[in-house]
Amino acid sequence: MAVSVEHLDFRYPGSEDVLLSGLNLAIAKGESFGLFGPNGAGKTTLMNLMTGVLKPSAGEISLLGHKMGGSGKKVNRLFGFVPQDFSFYRELSAVENLEFYGAWAGLDSKRTKKRTAELLSILGLEDVKDKEVGKFSGGMKRRINLAIGVIHNPSILFLDEPTVGVDVQTRHAIISYLKELNDNGTTLIYTSHQLSEAETLCRQMALIDSGKIIAEGTLEELSKKYKKKSLEELFISLTGKEFRD
Amino acid sequence: MYKLWVTIKKDCKILLRDRTGILLMFVMPIILVVVVTSIQNSTFQLIGKSKLPLLVCNKDTGQASLQLIGAINRVGLLKVSPLPKNESPEDIKQAMKDKDAQLAIMIPADFSEREGAKAQNSANKSLKSFGLQPDSTRHKAFLPEPPFTLYFSPILQESLRFSVQSGLTSALQLVEGRETLRKLYYAINEKQLPPDLENEMLNTQSAIGMVSVSKTGGLGLPNTTQHNVPAWTIFAMFFIIMSLSASVVREKTSGSFIRLKTLPTNYNVGMVSKQITYLGVTLLQALVIFSMGIYLFPLIGLPGLNLPSDLTALVIATVITGWCAVSYAIMVGVFATTQVQGNGFGAVSIVILSVMGGLMVPSFAMQGGLRTVSNLSPLHWSLQAYYDLFLLGGKLSDVFVNLIPLFIITLVFQLVIFLQLKRKNLI
Numbered sequence: 726m727a728v729s730v731e732h733l734d735f736r737y738p739g740s741e742d743v744l745l746s747g748l749n750l751a752i753a754k755g756e757s758f759g760l761f762g763p764n765g766a767g768k769t770t771l772m773n774l775m776t777g778v779l780k781p782s783a784g785e786i787s788l789l790g791h792k793m794g795g796s797g798k799k800v801n802r803l804f805g806f807v808p809q810d811f812s813f814y815r816e817l818s819a820v821e822n823l824e825f826y827g828a829w830a831g832l833d834s835k836r837t838k839k840r841t842a843e844l845l846s847i848l849g850l851e852d853v854k855d856k857e858v859g860k861f862s863g864g865m866k867r868r869i870n871l872a873i874g875v876i877h878n879p880s881i882l883f884l885d886e887p888t889v890g891v892d893v894q895t896r897h898a899i900i901s902y903l904k905e906l907n908d909n910g911t912t913l914i915y916t917s918h919q920l921s922e923a924e925t926l927c928r929q930m931a932l933i934d935s936g937k938i939i940a941e942g943t944l945e946e947l948s949k950k951y952k953k954k955s956l957e958e959l960f961i962s963l964t965g966k967e968f969r970d
Numbered sequence: 350m351y352k353l354w355v356t357i358k359k360d361c362k363i364l365l366r367d368r369t370g371i372l373l374m375f376v377m378p379i380i381l382v383v384v385v386t387s388i389q390n391s392t393f394q395l396i397g398k399s400k401l402p403l404l405v406c407n408k409d410t411g412q413a414s415l416q417l418i419g420a421i422n423r424v425g426l427l428k429v430s431p432l433p434k435n436e437s438p439e440d441i442k443q444a445m446k447d448k449d450a451q452l453a454i455m456i457p458a459d460f461s462e463r464e465g466a467k468a469q470n471s472a473n474k475s476l477k478s479f480g481l482q483p484d485s486t487r488h489k490a491f492l493p494e495p496p497f498t499l500y501f502s503p504i505l506q507e508s509l510r511f512s513v514q515s516g517l518t519s520a521l522q523l524v525e526g527r528e529t530l531r532k533l534y535y536a537i538n539e540k541q542l543p544p545d546l547e548n549e550m551l552n553t554q555s556a557i558g559m560v561s562v563s564k565t566g567g568l569g570l571p572n573t574t575q576h577n578v579p580a581w582t583i584f585a586m587f588f589i590i591m592s593l594s595a596s597v598v599r600e601k602t603s604g605s606f607i608r609l610k611t612l613p614t615n616y617n618v619g620m621v622s623k624q625i626t627y628l629g630v631t632l633l634q635a636l637v638i639f640s641m642g643i644y645l646f647p648l649i650g651l652p653g654l655n656l657p658s659d660l661t662a663l664v665i666a667t668v669i670t671g672w673c674a675v676s677y678a679i680m681v682g683v684f685a686t687t688q689v690q691g692n693g694f695g696a697v698s699i700v701i702l703s704v705m706g707g708l709m710v711p712s713f714a715m716q717g718g719l720r721t722v723s724n725l726s727p728l729h730w731s732l733q734a735y736y737d738l739f740l741l742g743g744k745l746s747d748v749f750v751n752l753i754p755l756f757i758i759t760l761v762f763q764l765v766i767f768l769q770l771k772r773k774n775l776i
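Residue numbers (the working numbering), protein chains in the order written: chain A, 726 to 970; chain B, 350 to 776.
Among the clues, some could well be false.
[As the list claims (entries may be wrong)] No more than 25 Å apart at the CA atoms, straight line, and that leaves these computed lysine-lysine pairs for BS3-like:
| id | chain 1 | residue 1 | chain 2 | residue 2 |
| --- | --- | --- | --- | --- |
| 1 | A | K799 | B | K448 |
| 2 | A | K860 | B | K362 |
| 3 | A | K838 | B | K358 |
| 4 | A | K866 | B | K601 |
| 5 | A | K856 | B | K358 |
| 6 | A | K799 | B | K771 |
| 7 | A | K798 | B | K434 |
| 8 | B | K771 | A | K792 |
| 9 | B | K610 | A | K792 |
| 10 | A | K856 | B | K601 |
| 11 | A | K854 | B | K474 |
| 12 | A | K798 | B | K540 |
| 13 | B | K362 | A | K780 |
| 14 | B | K362 | A | K854 |
| 15 | A | K798 | B | K428 |
Quick caveat, the hints were computed from the structure, so don't treat them as lab data. Note that the structure is predicted; figures quoted are calculated from it, not measured.
Based on the sequences and whatever the hints tell you, model everything.
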């Protein structure tokens, strides 16, 4: 298993509100897994728990057989994380950001330089590699955000809405690259509100609402079970039309 | 080591690209040192060389008031500007406002008569005690009143007012002493006191010997630069809290921190990098400010800075002070949740610690409990170490007594940082 989540509970310390309750999830190696749900359903919280940003109140999370939250940070070498918020130093250039995060991801100078050149080329950032990232357009910021997450060639890649707010070209470039990574064996765990995009990228998916998984399977399996043609129809039928935030 | 090196590079680049931060860390302290030293220097010059204007309304027509004005002029602290004789107290107050004068005196019309009577009274007492016959002439009786009135502006600092008061008292005592002496001489010799004898008896002009007591036994007198440059260098080093605590908060609250938490590197590396980078900044600040004191100050008419003879001790004291400043700034940064919190608390706390530490009011002037409280300020120990080196000619062995408490305070800050990062699951 790439990811194993067992009996996971989470609430913020001092808060009575339980955000996730008794959640179980198993994601196979090499899978492309989509996690969907309305705003406030618990997607980002679950993503933060699986990446160790948050600590569970109860339950266990393992990545490739290694328990999260154990001693040391060795398990953190196994995955990359592309958060929804831009996670880089705005004052640094693309190259400087990649050099820093590459070192913190455990790469030496030589490997960092090699990966930096590769990623800048793949994601079309070569021409702006020395420009301060804070001055990038929204699409370029999304691409550098992704590049930092994959600098160390992780086995598992967590992506929290990686294409939010970008144009068609950038979305196409990002999705193509993610597919390529998945084809090469990287396990993708992805959240998005772009359901049509998710249909093209994810083989397995789960719908989460009110801190619980309410449906799980392939798109075909879910369509058959709930008699819906698209992920969007399925989403509405299971989560309703009311605003959640 | 590679991770640490890359992180230091990252911190340096971010620092160098923050122009406002650099302005706060370097330009502002330089301006502060120059302004404070210049103002204090001009104040000392005011007391030492220039004179404070004193408006004098002399309603008296006798000789004693003229002698008083002459004596005031000779005190050297005040420059007399006469006002018309018929001024009322309200007119004098208005004249002070109009002429922007901080001081004025009104000599009453009966000043000479009163001083004469007072002198005669003193002379009579003396004659009696010598067993001689005092003057039996009846003199007019006066109610005990102040011989003249001093008007002062509340703006005038208390210490300066006391100096003026003692200067005027000296002048008055001279006048009274002369009058008494004349009366005594006349009573004994039945002739006037010869002017040359009077001058010899009253104007002794004995100068007080001044010796600066330093650890090296040197005779150099301290100046405003030797006092101000070390003190405000410490203040500047601690003022990096504005940039450093903001940097810690910014990193903590920005998206970059979420990513740092997911990477296989302990956040301790980030903390060590910040400490090394900003320690470098504090050392550079000290170098810039000391260099300015040595080379720039003499060019702008201020006394030049003399470095201590024990440079090793100076470097060690500066490194520990810098490390303490950095530790304090990071400690504030790890507790603050917003940059406004960090900057607001940081700036105010540094001013409070400066006051406690004796940068603004000397520690030796503090009383009882306040002096104990001042020991809690790291700036106090830094300042004492610097004063030992810059003013007393101390060596490393002399400043250890100040550096050890400073080092302990630094370790306490480090421990608090560690515990808070641990509590927040960041290391």
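Against the structure, the hints:
no.: 1; hint: A:K799 to B:K448; in the structure: 78 Å, violated
no.: 2; hint: A:K860 to B:K362; in the structure: 16 Å, holds
no.: 3; hint: A:K838 to B:K358; in the structure: 16 Å, holds
no.: 4; hint: A:K866 to B:K601; in the structure: 20 Å, holds
no.: 5; hint: A:K856 to B:K358; in the structure: 17 Å, holds
no.: 6; hint: A:K799 to B:K771; in the structure: 18 Å, holds
no.: 7; hint: A:K798 to B:K434; in the structure: 90 Å, violated
no.: 8; hint: B:K771 to A:K792; in the structure: 20 Å, holds
no.: 9; hint: B:K610 to A:K792; in the structure: 16 Å, holds
no.: 10; hint: A:K856 to B:K601; in the structure: 24 Å, holds
no.: 11; hint: A:K854 to B:K474; in the structure: 99 Å, violated
no.: 12; hint: A:K798 to B:K540; in the structure: 106 Å, violated
no.: 13; hint: B:K362 to A:K780; in the structure: 33 Å, violated
no.: 14; hint: B:K362 to A:K854; in the structure: 16 Å, holds
no.: 15; hint: A:K798 to B:K428; in the structure: 77 Å, violated
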